[in-house]
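If you're matching them up, the sequences are chains C and W in order.
Start counting the first sequence at 1023; every next residue gets the next number (my numbering).
Start counting the second sequence at 172; every next residue gets the next number (my numbering).
Since the hints were made in silico from the structure, they are not lab data.
Here the structure is a predicted model, which is why all the values come from computation and not from measurement.
C-beta atoms are modelled at their ideal positions from N, C-alpha and C, and glycine is treated no differently.
Keep in mind that a hint or two might mislead.
As the list claims (entries may be wrong) - Under the rule of at most 35 Å between Cα atoms (straight-line distance), these lysine-lysine pairs were calculated in the DSBU-like manner:
no. : chain 1 : residue 1 : chain 2 : residue 2
1   : W       : K211      : C       : K1154
2   : C       : K1203     : W       : K211
3   : C       : K1588     : C       : K1608
4   : W       : K211      : C       : K1531
5   : W       : K211      : C       : K1301
6   : C       : K1154     : W       : K185
7   : W       : K185      : W       : K215
8   : W       : K185      : C       : K1203
9   : C       : K1549     : C       : K1711
10  : C       : K1666     : C       : K1549
11  : C       : K1154     : C       : K1203
12  : C       : K1078     : C       : K1203
13  : W       : K185      : C       : K1301
14  : W       : K215      : C       : K1448
15  : C       : K1516     : W       : K215
16  : C       : K1181     : W       : K211
17  : W       : K215      : C       : K1666
18  : W       : K215      : C       : K1514
19  : C       : K1516     : W       : K211
20  : C       : K1666     : C       : K1338
21  : W       : K215      : C       : K1531
22  : W       : K215      : C       : K1549
23  : C       : K1549     : C       : K1448
24  : C       : K1154     : W       : K215
25  : C       : K1516     : W       : K185
26  : C       : K1666     : C       : K1608
Stated by the list, open to error - Derived contacts from chain W toward chain C, CB cut-off under 10 Å, selection only:
no. : residue
27  : K185
28  : A201
29  : E225
30  : Q229
31  : S232
32  : E237
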Amino acid sequence: MSSLEAGLLVALVGNPNTGKSTLFNALTGLRQRVGNYPGVTVARKSGTCDLGDGRKAELIDLPGLYSLAAASPDEQVVIDALSGNIAGDRRPDAVLLVVDATNLLRNLFLASQVAELGLPVALVLNQADVAKEQGLRIDTGLLSRRLGGVPVVLTSAWKGEGIAEVRRGLGEALTRRAPMKRVVWPTDIAGALADVTEAASADTGKAITAADAQRLLFDTNPSTADRLGWTAERREKPLRAARDRVRNSGYNPMAAEPLVHYAWLRTALEGVVSEGHGKAGRTAAVDRLLLHRVLGPLLFLGIMLGFFASVFWLAKFPMDWIQTAVDWTKGVVAPPLSAYPMLQSLVADGILGGVGAFLVFLPQILILFLFIGILEDSGYMARAAFIMDRLFSWCGLNGKSFVPMLSGFACAIPSLLSTRTIEDPKARLATAFVVPFMSCSARFPVYALMCAAFIGPLYGPGWESLVMVGMHCVGLVFAVPTAFVLTRLVLKVKPQPFVLELPRYQMPKPRDVVWRMWQNAAEFVSKAGTVIFAITIVVWALSYFPRDASVAERVRAAHPTESAEKVQARVQAAYVEQSYMGRFGKTIQPIFDPLGFDWKITVGVLASFPAREVIVSTLGVTYSVGEGAEADSQDLRRAMQDAKWSEGPRAGRPIFSLAAVLALMVFFALCSQCGPTIATLAQETGGWKWAAGSFVYMTTLAWLVSMAVYQVVIRLT
Amino acid sequence: MTPLSQLLPGQFGKLASLNPERGVDQRLMALGLLPGMVLKLVRKAPLGDPLAIEFGGQVVSLRLAEAENLIVDVAADCPIQRPRQP
Ligand SMILES: Nc1nc2c(ncn2[C@@H]2O[C@H](COP(=O)(O)OP(=O)(O)OP(=O)(O)O)[C@@H](O)[C@H]2O)c(=O)[nH]1
Ligand SMILES: [Mg+2]
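Isolated chain W, as found in the complex (with noise of 0.2 Å):
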């Protein structure tokens, strides 16, 4: 279980908890992005904040800070896994 804001470019996971009572994850819950929901971490920023994630085929922005409360989980089968960087 991983804050999405840990995931490295390119990496996959499972969308495990977020936190409804958030203005935040209500609009993402408005787009479809609901416990269970695959999501990719498409790119960040080139300031390292927002970053981009993709999800039921679109590409939405999201704040580092933001991201920090969505709980993911890097699931073994997910196709990209490099080392974290320190």
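So here's chain C without its partners, still in its complex pose (with noise of 0.2 Å):
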């Protein structure tokens, strides 16, 4: 989105997790994600801002960063917009900088290097009411003044206080545009930091700003000299005689910069954070029960374990809701359609079997989401990157891949983009690389239906969950030797570091909770609506037809002295089987028999191909069709348990075996089966060649393991 021509254009900035996001809402109305973990915000987001004087404002929401001294592309997102480098923004007029009103003095590090931009600032002490439990009394007068009279205000942006006095702040730094003040330095670094700016605009014909000039001083990192174009031979002298003119002025040219700035900072927050009796935090007691040496790992295994069994109690009440709901309708909408005999179908089997036994899956990834929300909110996140990073470490991941792997959980897509905290560009390949194995959300109903309909009822609810921890785990158990041979051998990403601030705990905020839950509630359902009723619309027809009387005619010759309903049910299931579905799938079937996949669990992992929950309603579709829409309607747990191998060797017995429904579950662990995940990986890998190496590995992996799982229990059993 371009910004408006004659509109006014404001950046937020400031260190990861100080509440950038959660200020962006409340100025715009609008509804970022915020999470209590550096790295939510990954991307520009802008939306608009009232100023409360009639004027408006185009707010660009953008990822934390500690220095402008960037290395990772989402860090690299804010400098370009700072320097108007983003195709379609200029130069923003102004820039919002938010801080920890805890933390001051590591805050302001960012703060008066972007003070060297020149551009006009007001400053926004955020999680006011965090610093007031602590105790911790500011001068913002005092602040305001050391700082060259900027606009300093103290908010609570989550409660929604000194909301106006921030849009009344901007207002002024965009009407005086004062700068804030900036700081001195000793003479000789602002000597070499002349003698860069000579050479450079001499160099490149380029006006060199202040920030340029530092960027190019200070850092290694060459982005600043390839924006400004100035090549590495050119540069290379002039940078070296600068850098020799700081240390021979007694600085580390690499430590010169934060040294300068923290000195200069320190006098002047002077007086302006005075320390009252306040509570101390409860942070350290409460990781010194979840970092604990024994228990911190048992409590994490725990937490795992207890949701899962949760999961299946609480959600089990609503799922019977629904399953009643979706019976009911076909109830009542069969029966008048019984003069047309599809119609009837598309409506009860194809509709209602098929979507319905997608849906019933509702509650629990409410219940998953609202787990979720509170791993996010509360904290806890970084911990759990913490106690496993020894884990992962030896395959050579980023420290930061913890990240992106754990919301992996959730989804894919999400964390592909999270996957731009990384500095390293081959580190970031691996990472989402391997991002595509975790456990997310639409693998849940999958094994959520193999577990109610198969483990838990033969092995009891002990088994259910662990049989679902354990298919969570299956995905990170290859993906941790695929990143070892990725990092180690193909991409050779050197050892990465893993700094990473662990957050203070906060009780999660129920209002952040329950959006998490509705936003991903809101894209089920609507997955539902579109993807799953399309495929399922689909497979429904392919099954259906063709339909020619002679296949009814010929089973009831063959079958003279049974039943009425006997006949009916044989009916209903020579119809299927001759049925275009039934054909392809017999005739694809093969390829799957060494995993004990019949026909139709065939068809359901094909078309589970563009989304791997399309399965469930596959499987909600022909075992449907092949009752007839008159049948009782039993749920497809049931019918499930029912199904037996009709031919073949396994003739007459059952199809779930427990080896087939682990070999199906680890099927789906493992298999790229998600459109839009390859092409997100396309996107972020900048090509097709990685997203096609993802889904060849995943795919042929899947089939590999799944086989090798099926013949193995299937001896043992």
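Hints given; two lone chains; assemble the complex.
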């Protein structure tokens, strides 16, 4: 989106996890995702903010960063936005700096770097509620004077406190256009910066800003030089000379910037913050428990197990209600349509049987996202990464890979975007490649169906939860060696640092958690109405047609003595077997025979390549068409339990044996069955090569492992 | 003078030197970890690596290997002094 020609453009800049997106939401009325860990926002988003004086400004929410010496793509977005380097964006008219009021010194380092850009600035001290709780009192007037008179506002963005003042402060900054006071450089560093400015502008013919000169002098990362078009040969000598000048004055050129800024900031902050009596945070105490050497990992496992167990019993009743509603609808809608058998079958078997089977899982999805929302908002995400780091570091994964991998348990797509927080391009690629292995929420209904239909009834609820946990680990178990091979042998990634801020714990905010549940529920339902619906109709049509009356006659002639009901069942089965779907499925089935899949599962697996959840609705359709619309509406679970092989060496035995059930779940755990993931992977890795590689690799792996599981388990049982 | 990696959980130290040429150290400096800063090794992860260190009111994770180049001065007045484990 391009900014309005004449309108005002304001960038939100600050450290990660300070509440920029929360403030953005409060100012614009939009709903950007927020969460209590660094790196939630990874791309720019814009909205309109009313300044309260008749003016409006376009506000852009940006990823968080600690320093303008940016290294990762998400940080680079901020640099580009600030320098007007993003296509369609100008340089912003002002910067709204968001800082954490409980840690002014660290947060103001970035602020004082931004001051060097010379843009008008308004300073927001957010999380004032926490600062107050800790007994910190902040003299905003004094801080404002020390920083050259820039507006300073204390807010609690989450509670909506101080938002009007932010609008006013921003308006003031835009009107007065007063920049923030800048750090005073020691003479020799100032001299070195002047030398760099001169050399760079002579070589490139461009105007070099003070901020540009600092990036050129202090950073090893060449992104600023590249943007200015200062080539490596031309810049090498003048930069070396300038850095020598800094070194001769007693500063290491790589440390000069933070040293000078922090020294200056300490003086600027003198007397600004006074510590009164406050409660010490509970974070340290909670960490003592959750990160305990023994209890920590046990609690981690316990939380997971408890969660999967609770999903089943919490979701049981709502699921039954939905099932009852679907059956009731079927009972109301189907009989009047009996004069039109085709329409009746479309509605009862296709739409209600297929989409209904899928919708039943809505309560479980809600509970899953309740859990994920609590994990993300409480501050546990970064701790989970901390506990697990050792298990992954040997395979060369970046410390920052865990957050995308953990959030991959919700959905791969936002997780692929969040790999942008990783600096090293190769490490980013390796992480993006393994993210789709994480057991996303779309796999959940598949496991849940299989566990509820087979594992639970046969082995009891304990095994049901254990198998659910196990299935969620399968992807991880294969992701780690895959990452090892990729990082060590193929891409040769250098070991990556793991400097991750462990945020303070907070009570998960019901509003944010409910919003996350609501958003995902809406997505789930709209998926039912679109992709699932469309594929279901196609699958229904293919398993309904052709319908030649001769088929029924032949069945009746072959079984003259059986009851009418039994014959009717045989007729329906015969129709499905000779449908396009049946013929096609039986032709393809040999490929999946070593995995123990019959032709119906085979069809379901093939139909699930665009979106893996489709398997649930496809099985729903094929099993209910097979029974006929008149059949007593048993749910899919029962139909699957009763399914038997009708021919071949396994004739008469149940199709869904333990071996086949496990093989099917493992197949879905590993197979690449999500169109949008492939597209996002292509977008994030800059081409189809890696996306195609991922598809082939995951699908082949899924077939092999699933086959091995089937062949082993069938021999053991 | 001890590498930070040899501190015990709960032990304090004053940062004596780091290596500004390294990317990790540059990140830490941006967070305010500069020579002279007092820091605390809060704990080690259950598997012994990484470490959680606290300085300037924030807790940050750091791998053992990265902590080897950070030299700290375990001053006599540092609150917790336990005998070094073998
Ligand atoms: N107590 C309190 N918490 C807040 C406040 N503002 C935001 N938060 C919480 O701080 C966390 C981070 O908020 P975000 O808005 O996602 O922060 P961000 O700066 O956009 O973070 P990144 O996108 O990761 O850079 C969330 O859990 C918020 O609920 C506040 O005023 N008070
Ligand atoms: Mg954000």
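Comparing the hints with the structure gives:
A hinted pair counts as satisfied when its Cα atoms are at most 35 Å apart, and K211 (chain W) with K1154 (chain C) qualifies at roughly 25 Å. Only pairs whose Cα atoms come within 35 Å are accepted, and K1203 (chain C) paired with K211 (chain W) is accepted, the gap being roughly 33 Å. At most 35 Å may separate the alpha-carbon atoms for a hinted pair to count; K1588 (chain C) and K1608 (chain C) meet this at roughly 24 Å. Proposed proximity of K211 (chain W) and K1531 (chain C) is supported: the alpha carbons are some 31 Å apart, at most 35 Å.
This hinted pair checks out: K211 (chain W) and K1301 (chain C) have alpha carbons roughly 21 Å apart, not beyond 35 Å. Between K1154 (chain C) and K185 (chain W), the direct Cα distance comes to roughly 29 Å. Compliance with the 35 Å bound is thereby established for this hinted pair. Under the criterion of a C-alpha separation no larger than 35 Å, the hint pairing K185 (chain W) with K215 (chain W) is consistent with the structure, at around 19 Å. Proposed proximity of K185 (chain W) and K1203 (chain C) is supported: the alpha carbons are some 31 Å apart, at most 35 Å.
For the hint pairing K1549 (chain C) with K1711 (chain C), the CA-to-CA distance comes to about 28 Å; that is within 35 Å, so the pair holds. For the proposed pair K1666 (chain C) and K1549 (chain C), the alpha carbon gap of about 31 Å is at most 35 Å, so the pair holds. Pair hint K1154 (chain C) plus K1203 (chain C) holds up; C-alpha atoms about 27 Å apart against a cutoff of 35 Å. Between K1078 (chain C) and K1203 (chain C) the CA atoms are separated by roughly 26 Å; this keeps the pair inside 35 Å, and the hint holds.
A hinted pair counts as satisfied when its Cα atoms are at most 35 Å apart, and K185 (chain W) with K1301 (chain C) qualifies at roughly 26 Å. At most 35 Å may separate the alpha-carbon atoms for a hinted pair to count; K215 (chain W) and K1448 (chain C) meet this at roughly 28 Å. With a C-alpha separation of about 23 Å, the suggested pair K1516 (chain C) and K215 (chain W) falls inside the 35 Å cut-off, and the hint holds. Proposed proximity of K1181 (chain C) and K211 (chain W) is supported: the alpha carbons are some 33 Å apart, at most 35 Å.
A threshold of 35 Å between alpha carbons decides the hint, and for K215 (chain W) with K1666 (chain C) the separation of about 54 Å lies outside it, so the pair is violated. Between K215 (chain W) and K1514 (chain C), the direct Cα distance comes to roughly 28 Å. Compliance with the 35 Å bound is thereby established for this hinted pair. Restraint check: the Cα-Cα separation between K1516 (chain C) and K211 (chain W) comes to about 28 Å, which is no more than 35 Å; the hinted pair holds. This hinted pair checks out: K1666 (chain C) and K1338 (chain C) have alpha carbons roughly 27 Å apart, not beyond 35 Å.
With a C-alpha separation of about 29 Å, the suggested pair K215 (chain W) and K1531 (chain C) falls inside the 35 Å cut-off, and the hint holds. Our distance criterion of 35 Å between C-alpha atoms is broken by K215 (chain W) and K1549 (chain C), whose separation comes to about 44 Å. Straight-line distance between C-alpha atoms of K1549 (chain C) and K1448 (chain C) comes to about 34 Å, which keeps the hinted pair within the 35 Å bound. With a CA separation close to 31 Å, the supplied pair K1154 (chain C) and K215 (chain W) stays within the 35 Å bound.
For the hint pairing K1516 (chain C) with K185 (chain W), the CA-to-CA distance comes to about 30 Å; that is within 35 Å, so the pair holds. For the suggested pair K1666 (chain C) and K1608 (chain C), the alpha carbons sit about 15 Å apart, so the restraint of at most 35 Å is met. This hint is violated: K185 (chain W) has a C-beta 16 Å from the nearest C-beta of chain C, more than the 10 Å allowed. At its closest, the beta carbon of A201 (chain W) sits 4 Å from a beta carbon of chain C; the interface hint therefore holds under the 10 Å criterion.
Using the Cβ-Cβ criterion of 10 Å, the hint placing E225 (chain W) at the interface with chain C is satisfied: the shortest such distance is roughly 9 Å. Hint status for Q229 (chain W) relative to chain C: holds, with the closest Cβ pair at about 6 Å, below 10 Å. The interface hint given for S232 (chain W) holds, since its Cβ lies 5 Å from the closest Cβ of chain C, which is under the 10 Å cut-off. Given the 10 Å rule on beta carbons, the hint for E237 (chain W) holds: about 6 Å separates it from the nearest Cβ of chain C.
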